[in-house]
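Sequence lines, in order, name chains A and B.
Here the first sequence is numbered in the numbering used here, starting from 20 and rising by one per residue.
Here the second sequence is numbered in the numbering used here, starting from 1275 and rising by one per residue.
Take the hints with a grain of salt, since some may be wrong.
Cβ-Cβ distance ranges computed for the label pairs, FRET-style [as the list claims (entries may be wrong)]:
no., chain 1, residue 1, chain 2, residue 2, range
1, B, 1303, A, 106, 45 to 55 angstroms
2, A, 135, B, 1299, 40 to 50 angstroms
3, A, 32, B, 1498, 27 to 37 angstroms
4, B, 1346, A, 137, 43 to 53 angstroms
5, A, 46, B, 1307, 21 to 31 angstroms
6, B, 1281, A, 46, 30 to 40 angstroms
7, A, 137, B, 1299, 42 to 52 angstroms
8, B, 1310, A, 46, 39 to 49 angstroms
9, A, 25, B, 1351, 20 to 30 angstroms
10, A, 124, B, 1281, 20 to 30 angstroms
11, B, 1328, A, 25, 52 to 62 angstroms
12, A, 126, B, 1328, 25 to 35 angstroms
Only part of the chain A face toward chain B is listed, based on derived beta-carbon distances under 7 angstroms [claimed, not checked]:
no., residue
13, 51
14, 52
15, 67
16, 69
17, 70
18, 71
19, 74
Think of the hints as simulated: they come from the structure by calculation, not from any bench.
Beta carbons: idealized from backbone N, C-alpha and C, even for Gly.
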Amino acid sequence: MEEERAEIESLLPLPLATFHVLLALAENDRHGYGIIQDVAASTGGELRLSAGTLYRSIQRMLEHGLVAEVRGRPVPGEEDERRRYYRITPFGSAVARAEARRLAGLVKLARRAGFAPGKA
Amino acid sequence: MMRLYRGLLRLLPASFRAEYAGEMSAIFARRRRDASGPLEVAALWAATIADVVAAAVRVHLDVLGQDLRYAGRTLGRTPGFTATVIAVSALGIGATTAAFSVADHVLIRPLPFLEPHRLVKLWQDQSFRGYSRMELSAANFRDWERMSTSFEATAAFTGTSVNLVGEGEPERLDGVSGSHGLISVLGTPPLLGRSFGEAEDRPGASGTVVLSHRLWNRRFGADIGVLGRTVSLDGAPYEVIGVMPRGFHFPSRETDLWTTLRLGEADYEDRTDWRLRAVGRLKADVSLEQARAEMRLVAAQLERAHPRENARTGATVVRLRDEMNEQSRLLVLALFGAALCVLSIASTNLASLLLARALFRRKELAVRTALGAGRERLVRQLLTESLVLAAAGGVLGVLLASLATPLAARLVPHSLPIAEVPEADLRVLGFGALMTLTTGIGFGVMPAFRAFGRGSVAGLREGVREGIGGRREGVRSLLVLSEVTVSVVLLVCSGLLLRALWRVQAVDPGFRAEGILTLRTALPLPKYERTGRRQRFYDDVVSGVQSLPGVSAAAYVSFLPMVMRGGIWTVTLDGRPEDPGETSTASLRFVTPGFFETAAIPLRRGRDVGAGDTREKTFVAVVSESFVERHWPGQDPLGRRFLFAFQERTVVGVVGDIRVRGLEGTSEPQVYLPYQQVPDGGLPFYTPKDLLVRTTLQPETLVPAIRRIVAAADPEQAIANVRTLQDVVDEETAPRSVQVGVLGGFAGLALLLAGIGMHGLLAFTVSSRSQEFGVRIALGAGPRDVLGLVLRQGARLAAAGLVLGLSLAYAAGRGIEALLFGVSPRDAGTFLAAAVLVVAATLAGSLVPALRASRVDPLAAIRAE
């Protein structure tokens, strides 16, 4: 338990792309292009991940065990079955939660300083 | 379109490409479909290229980081191996880098002047007398300058030694007085002020002086206000007009100031007054060969015009860069060669170590391959590892080199206008880095590829005997063999040089150097122009010093032997016609009475010069035995007369010969003249200036008392060059000693590495063949049979290496024959000693593994199968 917390801590703060990939995978397994589309949609088109950035992030996330690969999962409506799908791991969820907590804490501080709307 | 994109993806590491290239292409294809119009397509391409390049850099760095962490972990797990590899590569890289910095400094790097390849030195050539580089007379120089067209400019100069008085202790300084154009020929502008104008080089012009950077710093505290100040040199006023930049040394690094020659018509009268050196700058379109050809013609014309003075006199033109003797060049080259040998041994050892390790790790590598790691990924991993090792070794090696370089600086010849200690600059660091990279890649790649050359999966099988027999052991044997070979070569060469050193050291200089303190009090002109005034000074100082407790003798001489090698005059015998081509010569020295006793030069016949030999009496001379041998063989020389240095001299004594030109060269016969018979204002160069004091005390303890005595005789007189005569003699063999030390060190290192290499190879063989040995023992072989089996393997390698090494050593010995001072490059004793040492080292390396093999427990070994 202690060990896992230390490992999570060592990954924080998450690179922006990494965090967005985790968010995109929160509900569904997705393939690369799906992730790009989801991130674009959820940020209102503000963040458009490039292929290079995406796959470098994915490679590192795989190494750290944040996501796992699910090979050839057929999805209705998708014709290309060679696609690689990615699924968030329990460790990945824990890291995403920790990052969210960290960000929430920051926002709280910002509010107290009057930099952000809402109650301190 | 897609092909272009896939080509772009090749920037990414293969392992990454294998995983994601398909995905990335699919995404690109989609975007490409979505893009409409050429503008959007162009924008897409621009974004894509930027994206892939950025990603490639990052992914490569990721991989590097990963590999570095992995390398750190694996290397940390085997600290012994890691330390050995780092130490071995540090020694190899350090030795080569140090040797390179010396060789680069002396042989390669252009001299620190403007377009140095156009600078030459001009000498008079009288090869028939054994002098191809002789100084010239002012008259000949003037004619050369007038008659030649090959040079943009030429300048003459001569070394001077002056007393600088004022602002602190009087001080003796080495300087140069030259033509006004001397500094501008070299092309280095002064750091401060200016160099000489033409008017300053005329007879009667007031004195001007340019200071060296060193003198300016040391004596004048780097004060810019020194310009325009007047200093006193040998009692005459000189205005400081300039300061040269740091690193400007001409003609040698000892030179501290430059003045003008100011030659008058009288200086041009005697065409045999050879005392000027000359430097010239070739015209841009004139080659050295053309200049040589022209100077041959000029010299021939002058010989016709002055058949007596210029008899058989040619001209020598050499590049300034080549102004060093063959021996200095060979010393440096031999050092570099030896360093390369050490590097090659170190590298073979590294290769051997890494190869053994790679074989040892085959299982690990096979497992990783089976788990999907690509071959490229593993090679890259191994390469990172060896580069990490090499880099650590390289950093350590360059550090070692920077410590070792000053030690080798004695090999930097004095005759070149360069600093004594080479600077560790970017070139040297670059060389070190290059060596590191070569070592790291060369000896990381080979083992990496060999490690999983064929069927990696085979490595997974249980009980596979790795690397025994077959090619792999063959490679390692070859490596050990070459180590043995190289160490034989190094051992023989350093042995030969050691014998040569002993031989030189055993040469009898003709005087006894032990217990003699020497120092120089050069008396300035015109203050001491009159012989009587000089005589008072000598008498005061010599009698004062002789009365000091612990002093048994003291005397003055013109120059110390081996320090001043010139001062050669022609000898003319009474009653014999002079043949201009066959003139005989002798070195001229004026001495005070007691010189021979002080230096322990044996008096063979007659008497020493005496206090009674004044200018009013007969001009007398004491000559050396070889002088008698040459002119009056088998006859009584006493009372004979000869013409020498403007006067007829009568022989009153004969003394033993001394090595004026140093231990290694042959010297002219010597003629000693009494100090009181120096003409007033004549031969100022030869007035006695070096004091020798024979003492039973520690020589240095006398210095304060002698200073007081000199100050009492003349408070303005400077004392310089305080040292023992033994130091002078040791200086003779210093480059050789350094050379032998360095080469011997390298040879020892090589021997050690070869022993380690042998041990490594055999230990590896034994550990991987333990089952076989177990079976052999179980089948009745005795421990001695197994012992013999392993020892024989070592002996075969050692013998092969020895044969190869000895023949290469013979060739190398021939190459350095000029350094051997008569020791034969086939010297049997040296070869034998080297062979014995190598056999001993390899035997020592073989013994431990052999013993281990003989103690294999057959049961345990077979059970393991």
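Now for the hints, and whether the structure bears them out:
For residue 1303/B paired with residue 106/A, a C-beta distance near 25 angstroms fails the hint of 45 to 55 angstroms. Under the hint 40 to 50 angstroms, the C-beta atoms of residue 135/A and residue 1299/B, about 43 angstroms apart, fit the expected range. Distance hint check for residue 32/A and residue 1498/B: the Cβ-Cβ separation is about 58 angstroms, which falls outside the suggested range of 27 to 37 angstroms. Between residue 1346/B and residue 137/A the beta carbon distance is about 47 angstroms. The supplied range of 43 to 53 angstroms therefore holds.
Range check, residue 46/A to residue 1307/B: about 27 angstroms between beta-carbon atoms, so the 21 to 31 angstroms window is met. Our hint of 30 to 40 angstroms for residue 1281/B and residue 46/A holds, since their Cβ atoms are close to 37 angstroms apart. Between residue 137/A and residue 1299/B the beta carbons are some 45 angstroms apart, a value that agrees with the proposed interval 42 to 52 angstroms. The given range of 39 to 49 angstroms is broken by residue 1310/B and residue 46/A, whose C-beta atoms sit roughly 32 angstroms from each other.
Our hint of 20 to 30 angstroms for residue 25/A and residue 1351/B holds, since their Cβ atoms are close to 23 angstroms apart. Our hint of 20 to 30 angstroms for residue 124/A and residue 1281/B is violated, since their Cβ atoms are close to 47 angstroms apart. Separation of residue 1328/B from residue 25/A is about 31 angstroms and departs from the stated range, judged on CB atoms against 52 to 62 angstroms. Taking the beta carbon of each, residue 126/A and residue 1328/B are about 30 angstroms apart, inside 25 to 35 angstroms as hinted.
Proximity of residue 51/A to chain B holds as hinted, the smallest CB-CB distance being about 5 angstroms (cut-off 7 angstroms). With a cut of 7 angstroms, the hint placing residue 52/A at the interface with chain B holds, because the nearest CB-to-CB distance is about 5 angstroms. Contact between residue 67/A and chain B, as hinted, is not supported at the beta carbon level, the nearest pair being about 9 angstroms apart and thus beyond 7 angstroms. Here the hint on residue 69/A is kept, as its CB sits about 4 angstroms from the closest CB of chain B, short of 7 angstroms.
Among the interface hints, the one on residue 70/A holds; its C-beta lies about 4 angstroms from the nearest C-beta in chain B, closer than the 7 angstroms criterion. Hint status for residue 71/A: holds, given a least beta-carbon distance of 3 angstroms to chain B, under 7 angstroms. At its closest, the beta carbon of residue 74/A sits 4 angstroms from a beta carbon of chain B; the interface hint therefore holds under the 7 angstroms criterion.
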